[in-house]
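Asker: Listed below, chain by chain, are the residues.
Number of protein chains: 6
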Amino acid sequence: MRPSGRAPDQMRPLTIEPNFTRHAEGSVLIGFGDTKVLVTASIEERVPPFLRGKGEGWVTAEYGMLPRSTHTRSNREAAKGKQSGRTQEIQRLIGRSLRAVTDMKALGERQITLDCDVIQADGGTRTASISGAWVALRIAVDKLLAEGKLTVDPIVHQVAAVSCGIYQGTPVLDLDYPEDSGADADANFVLLDNGSIAEAQATAEGATYDEEGLLRLLRLARIGCTEIFAAQRKAIGR
Amino acid sequence: MRPSGRAPDQMRPLTIEPNFTRHAEGSVLIGFGDTKVLVTASIEERVPPFLRGKGEGWVTAEYGMLPRSTHTRSNREAAKGKQSGRTQEIQRLIGRSLRAVTDMKALGERQITLDCDVIQADGGTRTASISGAWVALRIAVDKLLAEGKLTVDPIVHQVAAVSCGIYQGTPVLDLDYPEDSGADADANFVLLDNGSIAEAQATAEGATYDEEGLLRLLRLARIGCTEIFAAQRKAIGR
Amino acid sequence: MRPSGRAPDQMRPLTIEPNFTRHAEGSVLIGFGDTKVLVTASIEERVPPFLRGKGEGWVTAEYGMLPRSTHTRSNREAAKGKQSGRTQEIQRLIGRSLRAVTDMKALGERQITLDCDVIQADGGTRTASISGAWVALRIAVDKLLAEGKLTVDPIVHQVAAVSCGIYQGTPVLDLDYPEDSGADADANFVLLDNGSIAEAQATAEGATYDEEGLLRLLRLARIGCTEIFAAQRKAIGR
Amino acid sequence: MRPSGRAPDQMRPLTIEPNFTRHAEGSVLIGFGDTKVLVTASIEERVPPFLRGKGEGWVTAEYGMLPRSTHTRSNREAAKGKQSGRTQEIQRLIGRSLRAVTDMKALGERQITLDCDVIQADGGTRTASISGAWVALRIAVDKLLAEGKLTVDPIVHQVAAVSCGIYQGTPVLDLDYPEDSGADADANFVLLDNGSIAEAQATAEGATYDEEGLLRLLRLARIGCTEIFAAQRKAIGR
Amino acid sequence: MRPSGRAPDQMRPLTIEPNFTRHAEGSVLIGFGDTKVLVTASIEERVPPFLRGKGEGWVTAEYGMLPRSTHTRSNREAAKGKQSGRTQEIQRLIGRSLRAVTDMKALGERQITLDCDVIQADGGTRTASISGAWVALRIAVDKLLAEGKLTVDPIVHQVAAVSCGIYQGTPVLDLDYPEDSGADADANFVLLDNGSIAEAQATAEGATYDEEGLLRLLRLARIGCTEIFAAQRKAIGR
Amino acid sequence: MRPSGRAPDQMRPLTIEPNFTRHAEGSVLIGFGDTKVLVTASIEERVPPFLRGKGEGWVTAEYGMLPRSTHTRSNREAAKGKQSGRTQEIQRLIGRSLRAVTDMKALGERQITLDCDVIQADGGTRTASISGAWVALRIAVDKLLAEGKLTVDPIVHQVAAVSCGIYQGTPVLDLDYPEDSGADADANFVLLDNGSIAEAQATAEGATYDEEGLLRLLRLARIGCTEIFAAQRKAIGR
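Those protein sequences? They're chains A, B, C, D, E and F, same order as listed.
The first sequence runs 1 to 238 under our numbering.
The second sequence runs 1001 to 1238 under our numbering.
The third sequence runs 2001 to 2238 under our numbering.
The fourth sequence runs 3001 to 3238 under our numbering.
The fifth sequence runs 4001 to 4238 under our numbering.
The sixth sequence runs 5001 to 5238 under our numbering.
Chain A on its own, in the form it takes in the complex (with noise of 0.2 Å):
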């Protein structure tokens, strides 16, 4: 039994509102149940120094948790003067997997950044980022597009994202936070709408786990991206 009575397969209610704030090309409100992520997307018109001159774009994410996102305060990033390991390693994540779906010799000498920031955390905000950001980059891209900066859609596929995990012995899909602290594996997919997989991270937190288990999680991330795909398309009006 799951402590918020899903089912095994059952994602948390999913809430998609873009242009939730008005400076950014691009911006969404993503909830996965109460687990909110701003992201916006700021187009430049200018690359990073090992790119000039190639004809490339570039896309790339940064993430943040406000400080009491989180159950207990966690000091301010900016304030100690240095980004986390983890925010780091989140960061990474959400860059290469929007990379995965986006043409750079499409997009042009322009960059792309996808901030992404935990407004309240309760478990899956990386994945949580990632599915926000794809929507973010998307309306950025399609203003590119209608205003002629653009001729061919950079953007080759979807790209969502849903955490995994093994919870007393049963896998589940989309984990929240009293899951996710005491799963016993704890996985992240980032899919494709076409089925192709981006990246998948398995950790053993408790127990390990052996091929059965793997390759169970992927299939409910399978489950879960499905679902994020279809309200990704709802709220662009897709």
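All the given hints hold, so there is nothing to weed out.
Facing chain C, from chain E, some residues (calculated, C-beta under 10 Å):
id : residue
1  : Phe4020
2  : Thr4021
3  : Ala4024
4  : Gly4064
5  : Arg4068
6  : Ser4069
7  : Gly4081
8  : Thr4113
No lab work stands behind these hints: they were computed from the structure.
It should be emphasised that the depicted structure is a prediction, and the values quoted were computed from it without experimental measurement.
Think of the CB as a built atom: it goes at the ideal place given N, C-alpha and C, for glycine as much as any other residue.
Put chains B, C, D, E and F on the given structure of chain A with help from the hints.
Answerer: Coordinates of chains B, C, D, E and F only, in the frame set by chain A:
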């Protein structure tokens, strides 16, 4: 004529959404027009080293802007590894303002931290932060009173803040970004509900000003804060 | 009764020793009683990136306290690896104050940095810094004029600053440390020699204050700045 | 055809030189072909604050690359003043992997730190680090057992890691640098000697992959880790 | 011929102004010609962690240059967020030099920090710092003796330092900036009043040197330190 | 009697293993007894900003100790976020020493960085670093000569360094850790193969010393460096 078409003594629409997030002891999303700040109040049963064993509490504040809360993206302070002078100046002001209405003896040896994070910026983020922080603090302290952890209310006044400035020769209330960036003088007043002043800061940007100018700005601030005090009370159901 | 025995509107002995060091284009040791600040003005023939190619100059300031300028030793900011919020707040104020009297077009594409280093602290270090910085700036600009690098004087006014406060119920001028640490309200005014106000900052420490209080403090500040303006002129031989 | 001429399921020559340095409680120089990592295990009779008084131990890891371990010199992280996101991600992975085979109650209130320093890099530094760290940990714990400080062996399994990837359409084992930089997918598996999985991370670089691809990579990893487990045992004389 | 016209074994005019500031337990403004260093000695009734409970004291030093103490402005170390290698090297040297004449048992569990801040630089700032630090330390310790906090004098010798160098083929004493920047070899000697050497550092800049050169520099240093020892005694009235 | 049983003028066994790693243009593992330092020389076809366009090259050094190169584990400087004063002092010394034997005009506009990483420490890490750095530099420059990128050899001398000290009243050569931590005086000499001195640093630790002591230490250093020069030549096959 103000860019927004407002009368000189007219505030922007004021919105206060209490309990915006669920983990913090107090939280609020406050809007001064398009300026939106999320404020959370976190109670910790400990005080900074300089107060230990003195039987007094402490109220402090931290402030941050999400990277794309602004018209163009700013670098994330956590990634830069330090908070700007502006950030530190603002969080010091917020902390002082809230301490001005708190009886530290009555609060007892605990600390309340007010995290003010700007979701969207359109001028007046520090004054919105202070005005919202009072509501978050009030909610958090009400919990302590309800739980019997406090028997005497340590909050002795309401506090609110608003900006004023001289825009194209006319003193105006509650500057938005277009006014703020073009004003000749820019002032922030922190007022108490008994009419007294907790803090006045008035800076000449283009042209300097005189006593009469200072007093006219202060008079506008009183008009604005009266409106904010009412909205604060309404938000907490009093 | 003030701890020093001064009358409420009496400044501490004011000393201005121009050309205190030899390398800087302008330098001064200014004393407000036991508060001693060394200010140097350094001219560089370049401007910050945001001004390049605009034909305008820039005036900026940095502030520091020697570790044992204070009653008990403070940690060295260079050793701690960062400047405190207070330091940054003060250096921003000094910079704004001097820019308020400088015509940046007339200065041309060069930057003048005012380094204010507190040798000994007894209250009022920021106001002594501003008042001394004007003298150092004046000396440095006079060199540019003498060398023919400037033909039009970019300094359009004198600027000076002084602190005032409400000490045991009485408004007093130019607070020393014992008054500063016990004052109910603490204000700093930056005034121009034409009577206008460049900056007013008034903070309630123990008790809040009202319009009348604010105006009485401002009137004291006018008395103090008149004396400082005369001392500034005398120091540069005018 | 692999650049090195190896068969798809062929590891590079594996070398493990135990007791490479003399001060550490355990040390090893491990080589996966031209990748050489020095790992030391340091025992300290204290635990991090979050574990104090709980009767449990801790195993953690740090990772670094010598500036010229790579083809072109990288900046020294100590000189830059911070560890990169990649470094932090890797050292977190190493720590988790070793904790997966350690019984913290049996270890008692002491901490073992595994320092993994890359002397020469040619792909697979993190997997060589994990595989070598187990040997260093084993040697250090054997000393604790020999000295009678421990009576129950806290190491409950062997752990090893290896990278796999899809290179020019073919799944291959133990990528060297030329393969790593050109692979379509890149995976790292951390396996236990009982066949279970401690960690799986698979990232699509150029092309994404599917279940079948993931399983083929995992099968290769099992081949590689079997070889590493044997080499580990041989290195410690078992 | 020296740029200053001095004889090879001639020091610059030596000035020592004791009690230059009022808060520190000991303070001095020392001048070696145009090099001016303010040194303060601060007594704290605590020792660094590695000495706690051992019944011994500690003497340490910090060093800094005001940004415009030099011919062209240097960046402020507090603003850069770190002390340069040169700064750290110098403050370590100052600390060692003063510890060489202090009996830590006799000092008891307290720390004396010598802050050496360069007001104006013209070569020889580290040697002026050491020579001045002894006076500041002496004054501070005399207070401890006068107050009865110490009964045995922990200062067992005088210590002084001076630079020497080979300038255009000639060994010269007490290099000023023009000599320092053009010297073939540059040495700093820290000597005790009993003739023994606490520290010798000699660096070839342009040309290397031999034993004879080293000894000639040391002989010059003895001449200089004899003069400094006399000035130190005179400054403290002995 | 020395703890190691060596004669006062006896070096520890000296080992130089050239080409220890493969990516660097020059590399060497040097051993002074149990002190082992890996030195790599990296050539970059660019110079620091202050040398651009001057037709001159630059030689610089960085130094680090692996966390467990020492008897007890030291914190990793990359994790602490800064290099210690000791580290900076040592890397400055290494750089100066190598520059003393390099003709920067002959080197041309390129930089050679010598990374000295201590694998195992037993006293004398800085002198081993210098002595090994010369070999790494020699190998790297020989490549430039062989490739025809240089036609004139920019290395004009051999340079080597060794520590000496006064241990229990006796001057001894090449201190190991037990001697180093108990010595009354501790000196490092950097000598050239033509007999001249590049750098002499002698510090009194417990007792001070005199001219005669200094000269006796220098004479020991000559004996040690003669041995090192021979080993350097043998290592590069000359």
